Amino acid sequence: MEISFYLVQLLNGIQYGFLLFLVASGLTLLFGIMGIINLAHGSFYMIGAYLSYWLSGMTGSLWLGILLGLPLALILGYAVERFAISFLYRRDHLYQVLLTFALILVFNELQRILWGNNVHGVAIPAALAGSIPLTENQVYPVYRLFISAACIVIAAAMYWVIQKTRLGMMIRAGSSNREMVQALGIDVNRLFAIVFSLGVALAAFAGMLAAPVDSVYPGMGENILIISFVVVVIGGTGSIKGAFVGAMLIGLVSTFGKVLLPEMASMAVYAMMAVILLWRPQGLFGRAV
Amino acid sequence: MSNEEKKGITRRDLIKGTAATAGLAAASLFVPPRFAIGAQAKVKVGFLLPYTGTYAKLGTFCRDALKLRLAEAGNKLGGREIEFIDVDSEANPAKAPELTNRLIKRDKVDFLIGPVHSGVGMVMVKMARGDQGPITVVTNAGADQLTGSLCAPNIFRTSFSSYQMGYPGGPVMLEDGHKRVALVYWNYGFGKEVAAGFKESFLAGGGTLVKEIATPFPEVDFQAYLTELAALKPDAIYTFYAGGGAAKFVKDFAAAGLKDSIKLYGAGFITEGVLEAQGAAAEGVRTVLHYADTLDIPENHKFRAAFKKATGQEADVYAVQGYDAGELILRGMDAVKGDTGARAEMIRAMEKAEIASPRGKLRFSPSHNPIHDIYLREVVKGENRVIRVAAKDQSDPAEGCSM
Numbered sequence: 001m002e003i004s005f006y007l008v009q010l011l012n013g014i015q016y017g018f019l020l021f022l023v024a025s026g027l028t029l030l031f032g033i034m035g036i037i038n039l040a041h042g043s044f045y046m047i048g049a050y051l052s053y054w055l056s057g058m059t060g061s062l063w064l065g066i067l068l069g070l071p072l073a074l075i076l077g078y079a080v081e082r083f084a085i086s087f088l089y090r091r092d093h094l095y096q097v098l099l100t101f102a103l104i105l106v107f108n109e110l111q112r113i114l115w116g117n118n119v120h121g122v123a124i125p126a127a128l129a130g131s132i133p134l135t136e137n138q139v140y141p142v143y144r145l146f147i148s149a150a151c152i153v154i155a156a157a158m159y160w161v162i163q164k165t166r167l168g169m170m171i172r173a174g175s176s177n178r179e180m181v182q183a184l185g186i187d188v189n190r191l192f193a194i195v196f197s198l199g200v201a202l203a204a205f206a207g208m209l210a211a212p213v214d215s216v217y218p219g220m221g222e223n224i225l226i227i228s229f230v231v232v233v234i235g236g237t238g239s240i241k242g243a244f245v246g247a248m249l250i251g252l253v254s255t256f257g258k259v260l261l262p263e264m265a266s267m268a269v270y271a272m273m274a275v276i277l278l279w280r281p282q283g284l285f286g287r288a289v
Numbered sequence: 001m002s003n004e005e006k007k008g009i010t011r012r013d014l015i016k017g018t019a020a021t022a023g024l025a026a027a028s029l030f031v032p033p034r035f036a037i038g039a040q041a042k043v044k045v046g047f048l049l050p051y052t053g054t055y056a057k058l059g060t061f062c063r064d065a066l067k068l069r070l071a072e073a074g075n076k077l078g079g080r081e082i083e084f085i086d087v088d089s090e091a092n093p094a095k096a097p098e099l100t101n102r103l104i105k106r107d108k109v110d111f112l113i114g115p116v117h118s119g120v121g122m123v124m125v126k127m128a129r130g131d132q133g134p135i136t137v138v139t140n141a142g143a144d145q146l147t148g149s150l151c152a153p154n155i156f157r158t159s160f161s162s163y164q165m166g167y168p169g170g171p172v173m174l175e176d177g178h179k180r181v182a183l184v185y186w187n188y189g190f191g192k193e194v195a196a197g198f199k200e201s202f203l204a205g206g207g208t209l210v211k212e213i214a215t216p217f218p219e220v221d222f223q224a225y226l227t228e229l230a231a232l233k234p235d236a237i238y239t240f241y242a243g244g245g246a247a248k249f250v251k252d253f254a255a256a257g258l259k260d261s262i263k264l265y266g267a268g269f270i271t272e273g274v275l276e277a278q279g280a281a282a283e284g285v286r287t288v289l290h291y292a293d294t295l296d297i298p299e300n301h302k303f304r305a306a307f308k309k310a311t312g313q314e315a316d317v318y319a320v321q322g323y324d325a326g327e328l329i330l331r332g333m334d335a336v337k338g339d340t341g342a343r344a345e346m347i348r349a350m351e352k353a354e355i356a357s358p359r360g361k362l363r364f365s366p367s368h369n370p371i372h373d374i375y376l377r378e379v380v381k382g383e384n385r386v387i388r389v390a391a392k393d394q395s396d397p398a399e400g401c402s403m
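Those protein sequences? They're chains F and V, same order as listed.
Start counting the first sequence at 1; every next residue gets the next number (this note's numbering).
Start counting the second sequence at 1; every next residue gets the next number (this note's numbering).
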C-alpha cells in the first residue's frame, strides 16, 4: 500500500476519535466533578441521533434539526438530573449504576414507542454532501471533515470554559474538593445541574453529528457507551485531557486494526486497554489512587 | 373359581365390556377426518413470524400473503376449515424454544409456517423435524443447514438457502467481465454462507479474489474499508448487507467516490426494501435474487394486484415466499383430501409440486429446498429491473442431508 492510503486511514481514525471524545468527555466530566457513574450516557447519544432524524425530517434541514434538538437535550438533561440523579449524590456508586441502568431501559422503550424499530438514514446537508480528492484514487467525504472540525471547535470551547471562566473555575474546584466549594458559598446543587445538562447536551450533539454517517437505529447507545467507558478508563477517570488522548488512541487503533489485522480488529482496543492498565492502573492521566 | 367363571357375565366381564365400549367411543374420535360424520375438526396452521422488531414488516407480509393464497382457494385446506394460530417470534432465538414448543405441543398445529430469522429457524426446525412433528414450511430463514444436515421429510422451504444467494453471483460477474473482485460482507452466519457460495463459483470460474473483507455485524461504519477498497482498485465488488447496513454501505460507497470506478454487485438484499433510503447512490447496482418486483410474467402481475387489493401495500420477495408456502400446503392437503393422517402421501404430493409462482417456475429438490431461477437485476430509476436470468433452475447441494 502506498503512503497516501495510510494518510487517509489516519484521517478516518482521527475523525472517529473526535466523535468518541465528544461522548467520552461528558462521561468523564460527570464522574470527575459529580462522582456520578452514568450508564445512561450512551442513551443520550442515541436520543440526540433520533432527535436529529426526527427534527431534520420535519424541517428538511440538519442544521435546524440540531438547532432545535440541542435545547431539547438540555431540558431533558436538566429534568433527569432533578428527578433522578440528584437523589444519589450521597449514595454508593452501586445505586447510581442501578438507577442509570434502569434509565437505559426506559429510554430504549421510549425510543421504540416514539420512533419504532426501523433503521433510518439522515440526509447530509447539500453543502457538505460532496467529497474532495486527496490523491489519485482516494477522495474524502466533506461531511467527515466537518465532523472533525465541529469537534475541534467544541473541544476548544470546553477548554476555554474550564480554564478561563468562573463556571470552569467552580467546576475545577468542585472536582478536587467538593466540601471546600460548598463552604465557599457556591450553590453546588445548581452547579451539578448545569454540568449534568451540559454533559447530556455533549452526548446528544455527538449523536446528531454522527446520525448522517452512522445511521439511526435502536440500541446504538449501548455500542457507543461501552467504547466510551474504555476511553475514560484509558485516559483516567475525570481527566478531560485523558479523554482526548484516549479517544484518539482508540480511533486510530480501531481504524488501523480494521485494515491491518482484521481478525483481531474487534479486540484490538480492549487489548490496548489491558496493556495500558497493567502499566498505569489509574489510566494515562488519572490521579494515582 | 373356575366354576364361577363359566356362569354368564361376571363382574370382571362387565368391567371389560364397559372399558371396550368406552375405548371404542374414544377411538372413534381419532378416526381420520375424512371418515368423520358431522362437523370436521379444523386444520391448524401456526405462524411463527416476527411482528415486532426490525423484521416486523417481513413477518406481516409473509403471513398476509399466505392467507391471501388460502382465501383465493375458499379458505379451506383439503375441504376443511382452517384455524390460524399466530405467534410473534420477535426474531429472537432465545424465545424460539418456548414459542415453538407452544405451537407444537399445546396448540398441536398441523402446519408450522415461519420464521424470518435463521437463528429462530434452527431452533424451530430442530424441534419440528421427526415423525410426530407438524408439516413445516420455512418461509425465509436462509441457513444452509435447515435443508442440509437438519433436513427431514416434514421440513420444506419456499424461500432460499444462503448458498443459492451466493453461488449465482460468481458466473454473473465473470460473464460481465469482472475478473479481479473484492468480497465484502457482514461477518455472521448467513453472511459467511453467502460469501462461501460466491467464492465457490467465482474461483472455479477462473476469477481472482483481490481481497476478502468480513466486517463485524451489525456495525455500519464502513469508512476504513472503503479507503482500503479505493487503494486496491478491484474491477468490481461483491457484497452481502441487508436492512440498515445495506442502505448505509451503498450510500457510503457512493460518497467515497467509488461508484464511478468500481461496479457494485451483491446478493439481492442490498437493494431490497432500502432503495428509497439509498436514492441516487443505488443507481446501477447489480444484484442477484430469485425475484424482482418488476418481473414481467402474468403470475407476478396477478399476485401483485391481489396483494395490493388485500393489504393496500406493494408486495415484495417476502410476500412471494409466504404466498408460495400457502400454495404448497394447499397441494399437500388437496392430494389427501384433508386427511392429515395420510402423512406420507401428503409429503409425496408436496415434493412433486410444480408451482407457477410469481417468481417463475418453482419446484423442490430431494432435500425439500426450492429449485428456481435466479435473476440478475440492476437498479434503474429506483427500481430493480431484470437484466437476465443469472442461473436457470438453481438448486442447492444440501450438504449433510440424508433422508
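It is worth saying that the hints were derived from the structure and are not from the lab.
Remember, predicted model here, so these are calculated numbers, not experimental data.
A couple of the hints might just be wrong.
[Claimed, not checked] Here are the computed lysine to aspartate or glutamate pairs in the DMTMM-like style, where the Cα-Cα straight-line distance is at most 20 Å:
1. V:K192 <-> F:D92
2. V:K95 <-> F:E2
3. V:K233 <-> F:E136
4. V:K392 <-> V:E345
5. V:K57 <-> V:E81
6. V:K211 <-> F:E263
7. V:K233 <-> F:E2
8. V:K302 <-> V:D339
9. V:K233 <-> V:E219
10. V:K211 <-> F:E109
11. V:K42 <-> V:D339
12. V:K263 <-> F:E136
13. V:K259 <-> F:E136
14. V:K361 <-> V:D373
15. V:K337 <-> V:E354
16. V:K308 <-> V:D296
17. V:K308 <-> V:E283
18. V:K42 <-> V:E72
[Unchecked claim] A partial selection of chain V residues facing chain F, derived with a Cβ cut-off under 10 Å:
19. I104
20. R106
21. I213
22. A236
23. G341
24. A342
[To be verified] To list a few chain F residues with every Cβ distance to chain V over 12 Å, as calculated:
25. Q9
26. L11
27. R112
28. I132
29. L134
30. R144
31. A156
32. M180
33. R190
34. K241
35. V259
Just so you know, even glycine gets a beta-carbon here, dropped at the ideal spot from N, CA and C.
Going down the list of hints, with the structure as the test:
no. : hint              : in the structure
1   : V:K192 <-> F:D92  : violated, 46 Å
2   : V:K95 <-> F:E2    : violated, 50 Å
3   : V:K233 <-> F:E136 : holds, 11 Å
4   : V:K392 <-> V:E345 : violated, 29 Å
5   : V:K57 <-> V:E81   : violated, 27 Å
6   : V:K211 <-> F:E263 : holds, 14 Å
7   : V:K233 <-> F:E2   : holds, 13 Å
8   : V:K302 <-> V:D339 : violated, 31 Å
9   : V:K233 <-> V:E219 : violated, 24 Å
10  : V:K211 <-> F:E109 : violated, 41 Å
11  : V:K42 <-> V:D339  : holds, 11 Å
12  : V:K263 <-> F:E136 : holds, 18 Å
13  : V:K259 <-> F:E136 : holds, 15 Å
14  : V:K361 <-> V:D373 : holds, 7 Å
15  : V:K337 <-> V:E354 : holds, 19 Å
16  : V:K308 <-> V:D296 : holds, 17 Å
17  : V:K308 <-> V:E283 : violated, 26 Å
18  : V:K42 <-> V:E72   : holds, 18 Å
19  : I104              : violated, 28 Å
20  : R106              : violated, 28 Å
21  : I213              : holds, 7 Å
22  : A236              : violated, 15 Å
23  : G341              : violated, 42 Å
24  : A342              : violated, 42 Å
25  : Q9                : violated, 6 Å
26  : L11               : violated, 9 Å
27  : R112              : violated, 9 Å
28  : I132              : violated, 9 Å
29  : L134              : violated, 10 Å
30  : R144              : violated, 7 Å
31  : A156              : holds, 24 Å
32  : M180              : holds, 44 Å
33  : R190              : holds, 39 Å
34  : K241              : holds, 26 Å
35  : V259              : violated, 5 Å
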